[in-house]
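Here our numbering runs 179 ahead of the position in the sequence shown, where the first position is 1.
Simulated from the structure, these hints should not be mistaken for laboratory data.
Among the hints, a few may not be true.
Restricting the straight-line Cα-Cα distance to at most 25 Å, the calculated cross-link-like pairs of lysine-lysine (DSS-like) are [as the list claims (entries may be wrong)]: (1) LYS260 <-> LYS301; (2) LYS365 <-> LYS411; (3) LYS287 <-> LYS260; (4) LYS301 <-> LYS333; (5) LYS406 <-> LYS468; (6) LYS344 <-> LYS333; (7) LYS468 <-> LYS407; (8) LYS301 <-> LYS287; (9) LYS344 <-> LYS365; (10) LYS284 <-> LYS301; (11) LYS436 <-> LYS406; (12) LYS344 <-> LYS301; (13) LYS284 <-> LYS411; (14) LYS436 <-> LYS468; (15) LYS260 <-> LYS365; (16) LYS329 <-> LYS344; (17) LYS260 <-> LYS487; (18) LYS365 <-> LYS287.
Between beta-carbon pairs, the in silico distance windows are [unchecked claim]: (19) PHE449 <-> GLU484: 54 to 62 Å; (20) GLN294 <-> GLN416: 27 to 35 Å; (21) TRP405 <-> PRO377: 31 to 39 Å; (22) MET364 <-> ALA337: 51 to 59 Å; (23) LYS365 <-> ALA318: 43 to 51 Å; (24) SER447 <-> GLN416: 23 to 31 Å; (25) ALA279 <-> SER476: 50 to 58 Å; (26) GLN342 <-> GLN294: 35 to 43 Å; (27) VAL482 <-> PHE449: 29 to 37 Å; (28) SER447 <-> GLN342: 53 to 61 Å; (29) SER228 <-> ALA279: 32 to 40 Å; (30) THR453 <-> MET324: 36 to 44 Å; (31) PRO386 <-> MET364: 20 to 28 Å; (32) LYS365 <-> ALA280: 26 to 34 Å.
No experiment lies behind these values; they were computed from the predicted model shown.
Beta carbons are placed, not taken as given, at the ideal position from N, Cα and C, and that holds for glycine.
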Amino acid sequence: MIDIQPAMTLTRKPFDIRPKPPYPHRPQKPVSQEKEVTVCLAIACDSYSQVTNPKYVLIADQMISTETSSSLSRKMWPLTKSWYAMLAGNNISMVSNVLAASWPKISKIESPTAQDVARITKAAYQARRTSQLEDMYLAAYGWGMAEFLKDGRKLLGASVFEQMKFQMDQYDLGFNLLVCGFDSMKAQFPTLFEVTNPGIVTPRTVPGYYAGIGTGAANALSYLDWKKQSQKTSLAQTLYNGIAAKSLAETALAVGKETMVTVVERTSAFPERTLRERQIQEIRGIWEKEEASIRPSNLESRVIELLKSEP
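Based on the provided sequences and hints, a complete structural model is requested.
Okay, here's the thing in structure tokens:
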């Protein structure tokens, strides 16, 4: 059956008469794209200490929430002995590609600095994004990104070129990377930075902690700020603060209660330690029993008396 459109829709401006090329009308995300409802924390501690090595603590939920289901998954990966990357987001398929491209190059450097790790992870992020855009928008033309930018305006016309370029500029891989590590075995504190769409590196070393994107991140950051967490805070206090902050983040929709905690120390021998579930739950229990549920005594009567007082 031939679909006959109203006559008024046939009136077009001259540049619209030619057939439209086969590209999406709206920016499309990968099939495996998931909701950004996750939380991850990187927190420096024990820095500038004369008696202990500086450390950083990584804390993340393990919940991956898709449009149809939820499952558990690891959200932190070692890049080298002293550098870790955490997933801030839920697009596991894409982050694995970026880290798989980063790890071999970083591992070839004997003592990778923050500049080395940032340069390599940023390049891998940008390369994956470009590859996705070429597959989604340019494969039908047999073009790469360089050809599109060089000849696209002339071959497609200004209107079509600008529309395609606008849609491509909006494309997001669906995750950020939160990266933490030590520049050297003499570093007094860990370096922390974030790689975000479209491949931008943002330092997060000051104030010494950061929470990845997601609906729970604001709660976690507010708690750490209230507790005056800093790079000088002890490991024990940092673990308490971090696990409590993650617990508060769970009030956000779809942030999983399953928690992974890893401590990385600036040392050449056994730098990584992952807390057992029992240890995490007992630290969380201290917060729940002795801080989270505490209410002032006689609260209601005291407030009523205040309301009776003169303005």
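We went through each hint and held it up to the structure:
1. Pair hint LYS260 plus LYS301 holds up; C-alpha atoms about 20 Å apart against a cutoff of 25 Å.
2. Taken as a hint, the LYS365 and LYS411 pair is honoured in the structure, with Cα atoms around 16 Å apart against an allowance of 25 Å.
3. A C-alpha spacing of about 12 Å is found between LYS287 and LYS260, which places the hinted pair at or below 25 Å, so the restraint holds.
4. Proximity of LYS301 to LYS333 is assessed by CA-CA distance (about 31 Å); at most 25 Å being required, the pair is judged violated.
5. Restraint check for LYS406 and LYS468: satisfied, since their Cα atoms lie roughly 17 Å apart, inside the 25 Å limit.
6. The straight-line distance between the Cα atoms of LYS344 and LYS333 is roughly 14 Å, inside the 25 Å bound, and the hint therefore holds.
7. Taking the CA atoms of LYS468 and LYS407, the gap is near 21 Å; set against the 25 Å cutoff, the hint holds.
8. Between LYS301 and LYS287 the alpha-carbon distance is near 17 Å, which keeps this suggested pair within the 25 Å criterion.
9. The straight-line distance between the Cα atoms of LYS344 and LYS365 is roughly 46 Å, outside the 25 Å bound, and the hint therefore fails.
10. For the given pair, LYS284 sits about 12 Å from LYS301 by alpha-carbon distance, which is consistent with the 25 Å threshold.
11. For the given pair, LYS436 sits about 22 Å from LYS406 by alpha-carbon distance, which is consistent with the 25 Å threshold.
12. For the hint pairing LYS344 with LYS301, the CA-to-CA distance comes to about 21 Å; that is within 25 Å, so the pair holds.
13. Annotation: proposed proximity of LYS284 to LYS411 is violated, straight-line Cα distance about 32 Å (limit 25 Å).
14. Our distance criterion of 25 Å between C-alpha atoms is met by LYS436 and LYS468, whose separation comes to about 17 Å.
15. Restraint check: the Cα-Cα separation between LYS260 and LYS365 comes to about 15 Å, which is no more than 25 Å; the hinted pair holds.
16. Taken as a hint, the LYS329 and LYS344 pair is honoured in the structure, with Cα atoms around 12 Å apart against an allowance of 25 Å.
17. Annotation: proposed proximity of LYS260 to LYS487 is violated, straight-line Cα distance about 63 Å (limit 25 Å).
18. For the hint pairing LYS365 with LYS287, the CA-to-CA distance comes to about 20 Å; that is within 25 Å, so the pair holds.
19. Hint check: PHE449 to GLU484, Cβ distance near 58 Å, so the stated range 54 to 62 Å holds.
20. For GLN294 and GLN416, the hinted distance range of 27 to 35 Å is satisfied, since their beta carbons lie about 31 Å from each other.
21. Distance hint check for TRP405 and PRO377: the Cβ-Cβ separation is about 34 Å, which falls inside the suggested range of 31 to 39 Å.
22. Range check, MET364 to ALA337: Cβ separation about 56 Å, and the 51 to 59 Å hint holds.
23. In this structure the hint that LYS365 and ALA318 lie 43 to 51 Å apart at CB holds, the actual value being about 49 Å.
24. Checked against the hint of 23 to 31 Å, the pair SER447 and GLN416 passes, with Cβ atoms roughly 26 Å apart.
25. A beta carbon spacing of about 56 Å between ALA279 and SER476 agrees with the range 50 to 58 Å that was offered as a hint.
26. GLN342 and GLN294 have their C-beta atoms about 38 Å apart, which keeps the hinted 35 to 43 Å range intact.
27. Separation of VAL482 from PHE449 is about 53 Å and departs from the stated range, judged on CB atoms against 29 to 37 Å.
28. Look at SER447 against GLN342: about 55 Å separates their beta carbons, and that is inside 53 to 61 Å.
29. At roughly 36 Å, the beta-carbon separation of SER228 and ALA279 lies within the given 32 to 40 Å, and the hint holds.
30. For THR453 and MET324, the hinted distance range of 36 to 44 Å is satisfied, since their beta carbons lie about 40 Å from each other.
31. Separated by about 24 Å at the C-beta atoms, PRO386 and MET364 satisfy the suggested range of 20 to 28 Å.
32. Judged by the Cβ atoms, the range 26 to 34 Å given for LYS365 and ALA280 holds: they are separated by roughly 29 Å.
In terms of the numbered hints stated before, the structure departs from hints 4, 9, 13, 17, 27, listed from lowest to highest.
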